[in-house]
Each structure stands twice: as C-alpha cells, then as structure tokens.
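Protein sequences, first through last, are from chains H and U. Each residue of the first sequence is one higher than the last, beginning at 184 in the numbering used here. Each residue of the second sequence is one higher than the last, beginning at 3 in the numbering used here.
Since the hints were derived computationally from the structure, they do not count as laboratory data. Every residue gets a Cβ at the ideal spot worked out from N, C-alpha and C, and that includes glycine. There is no bait here: all hints are sound.
DMTMM-like cross-link-like pairs, simulated, lysine to aspartate or glutamate; straight-line CA separation at most 20 Å: (1) H:Lys493 <-> H:Asp460; (2) U:Lys114 <-> U:Glu224; (3) U:Lys168 <-> H:Glu299; (4) U:Lys168 <-> H:Glu322; (5) H:Lys300 <-> H:Glu322; (6) H:Lys414 <-> H:Asp386; (7) U:Lys168 <-> H:Asp298; (8) H:Lys414 <-> H:Glu387; (9) H:Lys516 <-> H:Glu637; (10) H:Lys549 <-> H:Glu569; (11) U:Lys168 <-> H:Glu301; (12) U:Lys168 <-> H:Asp320; (13) H:Lys414 <-> H:Glu679; (14) H:Lys454 <-> H:Asp325; (15) H:Lys516 <-> H:Glu538; (16) H:Lys459 <-> H:Asp669; (17) H:Lys414 <-> H:Asp393; (18) U:Lys168 <-> H:Glu277; (19) H:Lys688 <-> H:Glu477; (20) H:Lys232 <-> U:Asp186; (21) H:Lys454 <-> H:Glu271.
Short derived list, chain H residues pointing at chain U, Cβ under 8 Å: (22) Pro257; (23) Ile273; (24) Leu274; (25) Glu277; (26) Leu286; (27) Glu289; (28) Ile297.
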Amino acid sequence: MNTIIEMQGIVKVFPPNVVALNDVSVDFREGEIHAIVGENGAGKSTLMKILYGMQPANSGRIRYRGQDAIFHDPGEAIANGIGMVHQEIILIPEYTVWQNVVLGVEPVGLFGRIDEKEARRRVQARIQEFNFNLAVDAEVGDISVAARQKVEILKLLYRDVSVLIMDEPTAVLTPQEIPQLFNELRRLRDNGHTILFISHRLDEVMELSDRITVLRRGRKIGTVDTADTSKEQLAQMMVGREVIFSPLRQEQQIGDVVADIQGITYIDAMKRERLKDISIRVRASEIVGVAGVEGNGQFELVNVLMGLLKPTSGEFFVCGERLTHASILDRRKKIAFVSQDRASMGACLSASIMENVLMTHHRLNKRFSKFGGLVLDYAQANRFTEEVRQKLDVQMDSRQAVFRSLSGGNQQKVILGRELSLGAPFILLDQPTRGLDVGSIEYVHQQILRMRAESYALLMLSSDLDELFRISDRIVVLHRGRIVADLITAETSITEVGYFMLEGKPNATKID
Amino acid sequence: MKIAIGLINGMITAATPILLAALGGTLTFYAGIFNIAMEGMMLAGAFFAVIGSYFFNSWLMGILFAVLASLVMAVIFILFSVVLKTDEFVTGIGLNLFALGATTYFLRQIFKVKGAFSGPGIVSVPNIEIPLIKDIPLVGEILSGHNLIVYLTLIITIWVAYLVFKTRFGLRLRAAGYNPTCLDTSGVPADRVRIWSLIICGALCGLAGAYLSLGYVTLFSENMSAGRGWISLAAVILVNGNPWGIALISLLFGFSDGLGLFLQRVLPSQFTSMVPYVATLIALFVYSIRRKETVLS
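The whole structure should be built from the sequences, with the hints applied where relevant.
Structure below.
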C-alpha cells in the first residue's frame, strides 16, 4: 500500500509551556483504517487538527501524496480531499439532510434558485453509493445522533474527500449504533478511502483498525499492526510503566458518613441519561477519588452536587441535612468546592486577590460585615487575606493586585485557601491540580491530606490516575454515567482502574 | 364607504416604509445580526432623497441619493459590528443617533431652516394610475393611484420571500443565523453572507426613506422617520422574519397609524399617536419571552 500522508517531526506548544506534541512522526497508508489512541491530553486531537489545518504546528513537515502540504484552514484541506468529523456534530438542525449536505456547494438554476431536484438526486445517489440508511428530506433536528453523524460523513463524501478523520466518533453513539458505523467505515475503506480514527477505547480499536499509533503525553510511543498486538500491550503503551509515587497517606481512623449521595440520576434536555443511579458515601477523614475518562458524567456529577443542575431523581445529604434541592448558598455552608475551571468558576480574574479570597465568606461569615451586612469590613478582610497568604505561602505583590496577575499555582493556592478555611465538613475537589507544575501539585496534595487529617470528608475528581493513587483512600470509576467500580486504593492497581475506565468492566482476560 | 376606502389607502401608505425597512431587517435577522440601525438608515435616506431631488430636479436622483446615503450607514455598521466585532446593539444606537444629528445639522447648514424644509424645487416620486383597473369602481380606488414606491414594495416583498426561501443565497443566509460555524466549515464565510444582508438592508431602508420624503409627503423634517425603523424591527421579530408575515404586520401597524388619525376626533392626539408604539412594545415583550425559551432549551 502507498503512503498517502507523512507527518514528520511535528511539534506543538501551547503557550506558555504546555508541549502538546513533541517531535511526532507518523505515516498513514492509502486505504487503511489507522487508529490513533492515547489517554486524554496525549495529543491525538491536536495532531489531527494540525493535519486538517485547524491549528498550525510550531515545527514539522507534512507530506500529502508525495508533496509538501500545509493546509491553512479546513476549507483548504477539504478541497484537497481531507475531511474531519468532529466529536461535536456541526449541522443545522432546522435544515433537511440534503440541505445540510449541499450547503456551500449547491447546484443552482436560474436567478440563483437552488435546483432542489438535482440536489436531492445527487445526495440520494451518494446515500445509495455508500449504503447509508438516510432519508434525504428528513429534518436533521428530528433524526438520531448516529444519523446526524452519517450526515456529517456524507457531507464530506459529497465533496469527494478521500481521507476521513474521525474524532472519537463512538463517544456520542449508543452501543447498538456502533457496529453499523464500523460497517460503514469498513465499506469506505474497501472503496479506497483512508480513515484516521481517534479513540481511546481499546476494544473498538482492535476490532476496526488495520494499524494503530499510540501517543502518550505528546510523544509517539509506536505504530503497530493490529494483527500483531493485543489489548494488554496497547494498554501498557498508553499508560506507560510509570513509577507510582510512594503514597503520602498516613493510616487514619475513618469516621462517620458526612456526604451521602443516594441514587442520583440525571437526564439532560436532549433526553440523554448523563448520570445513572450514582451512590457515593464519603466519611470523615476519608478521600474518595473519582476516576474516569473525561465526559463520562464527571461534569454532571459536580454540577448536580453544587446545585447547577437539577437531578432527575436521587437524594444528596451532607451531615444528615438534605441538600438535593437546596439553594447554592445553603450548599456552600456545608460544601467547600474547588472547581476545575479557575478562570470562570473558581475565581473572578479581574477582581483583586482580596476580593477573591473573600468571596462566599462575605455571605457566610458575619465578621466580614458591619452595620448589619450593609458594608464590608475591609480591615477584617485584609487581615483574613493575610492569614490565607501566610498559611498557603501565596506569592503575590499586594492584596489589591488583580487576580489575573498571579501564576496558575498561586491562583489555585488562593482558591484552596478560601475554600479550606470555610470550615465546611464536605470538600469537593474537581481536578484540583489541573494545569499546575509539579511543585504546586505536591503542595496542593499536602493541603488535601492535611484536611483529611483534620477529619474533613473529601471527594476528588481527577483524570490523573497517579494523583488518585497517591492520595485517595478509595477510588470509584465513572463510565458512561454509571459507577462501574468502587475499589480500595491499597487493593487495586492502575491497570485494573484503567480497564474499568476504558471498558466499564473488569479485564475479562484476567478472570479467565 | 369613503371612510373605509380612506382607512385602507391610509393603511397602505403608512405600511410601505415600515414594510420596506422590515424586509431589509429580515435579511439581517436571518443572518443572525441584531440590527437596530434601520431607523438611522431610513432617516439618512429621507434626507438625501430631498438633496438629490432638489439639486438635480429629479426624483430618480432623489432615490439614488437616498439609497447611497443609506448604504454608507450600512457600510459603517459592517465595519464596526462584522469586521471589528463590536456590540451590534451599541453600534446600532450610535448610528441612529448619528443619523439624527447629522441630518438635522445638514438641514440647517444647507437649507438654512429649522424643523422642516419643503419647496417647489423638490420633485416627488410620481403616483401610478394602472390602466383598466383604475376604472373599476372601489377596487380601482384601492389598487390604483398609489406611489411608484408602493408598487415597488410589493415586488420587493415577493423577491425577498423568493430570495430567502428558494435561492442559494437564502440557504446560506439562514445558515449564517442558525449556525455560523457550520456555514464556515462548509466553505462559505458567514461574515461575507452577513455583509451582503446588511448591504441589501441598507438599500431597502434608503428606499423607505425616499418614500417618506418624496412619496408620503414632499418635504424633509427633523427626525422624520419618527420610530418607523424601530417598528419595522418589531415587525420582523414578531413573525420570526417571515416576509409575508411582515407584510401583514406592517399593514396592521399602518392600520393602527391610520386609526390613530381617525381616533383623533374622540381622543387627544397624544394618545392616538401612541398606538403604533404601544404595539411595538407588545411585540418586543413577545420577543423577549421567546428568546428566554430558546436560551433555556
């Protein structure tokens, strides 16, 4: 088989210092299904976006059909025969299937009138050619997600694309819809199309692909023939044989149940079940870690607990008080919360450091106000900010400096200082170390363990397995909105948790 | 009977400028632009229609000047809100105030009058008698004898409906409003479609302005658009942009305008002239509720 695309020495750095791709070279052959696998943040999507012209590479070369080719925007890539179907579907729900497909390349008659008959005929011909089960006149808003994905593929095929990049196409599909997609992709391959398939689900990759490239933390680990490899080998390549840091945890007597999440189910506006019967109990002096591949219900779980989403059913108690439908302020009396998004949820970037330290406290703690809550007591506020600064060793110029001027690590320290001094018995941490450097991570972990020692109950969501293994007492695994495992950290392994994350079930081969 | 015919003709006359501006507004509405500058475009059109007509002694030059002036306004809007991505609402307000100030200033500078300028030198757009039809009793009185721009408006309504729903431009126009990312990734820059929608809107508002100062009456007075651009915006929003719906709403507003005049016999004119504006408020209320629903879903 001929090589159709060669990517050589691709480097991509996201400022200031995140290396998304570090000297990645990979080649794709004409007429193959080539899977690109790796954990979140491994660089799979970035690599494909560079090929598709959505993001420029910092250095490296792309050769396409034997010639140097750098596409500056997706339109150029499509014109040259490379198309990409994104994870989120970009169509116009108000339009019919044929209108969506022809948009931008419409056949026209007199006076700019769209030749509807011709457009329908051409789209219908493509549907039949590729044996897609689609009705040309159906409105896209009325058809299933799987069908919409087909419309996206059809839209590219209508533009005579020969290389099809699919970014985690199965993420939005139900298990029943996946085999049909795979059959269609195989048929396309047999037709001579090249398919680049991003995934982190090993079963799918083993079933569908001809060759597999594994990325880990921006580096290419290797390209293997599917026939010569196994799921175990791939898992090892993906996760790597990283040294697990010795646990920092001290043995400690675990106390009474503090947070009690009982059977939370959440169905979104699109009628998709995002959380199914989630029950987690967190006791005093216990850190419960929540593991899972991103997009498996973590976002919804955090928002349900914090009152930003209404659960469809289930209950939530902290210290025996029912918070299922409580106001956010009432929740904040019982829950300290470190959100994963510092910029928009955890802090106000354009407010001063002191104002950020004071947030929530100013409502819950009377000592910060004078005259019956009418006026803030700035003397108290400044004293409190100073306390937080010393306790967490925050590096800052002045209390009045704008929050944005702090480094990521110091921002997180300020937020932790604010939240941990609330005195709330339950502490919810959502990716508390995301985007921090190693030193800050260490520091945050120490603070979290200090709270555990002081008999607080902590629930920590993290996509970093090392982190979970380092500090949590128990690990529950979320997979497609369900808890598929509840494991004691000391009695499990990264490999076992990894399997639960990827497959939603234990490693079958191990049981055999 | 005379009163009824008078009311109907009054309705058509008052509806025409609103309908023209609203047809322009509906194109920008479909393109996903919150365009409130119709008022200013119309006012600029009305003033420059008088300039063109007065200095060239030609109503055709009047219409040409009106359209050009309104297009200049549209180009400013494009520069700010499409190219420089400023807030559409603020840009629109700015343009409307600019049009009001500039036309008043030029009126005083060029014609040395305050309030209004009229004179025999302004050539108005002619009325058209339709042969045969004008001789039919009743029907003739309603259908024939209107201003040329009234008949043009009828044709433009049909054209806009065709443009939006049947043509390639229409498909892309609506796509720009529904999901600009989708249009962009389909190889058509959404901003380009938006620019075209604003240009056509400008031309139509210019025509509406020309009708005000060369058709409805033959003079220019300060702030002579008097909120019609806002009413046209309300009409667009009320029927979600459908051109036929806009025609109907415009006629209703025209009717309430005529009714206001008619009611002056029993009510103080301050109250009767509120009628179209109260209708606009109600329309905007309906819009805000609908918007809330779409945001939540």
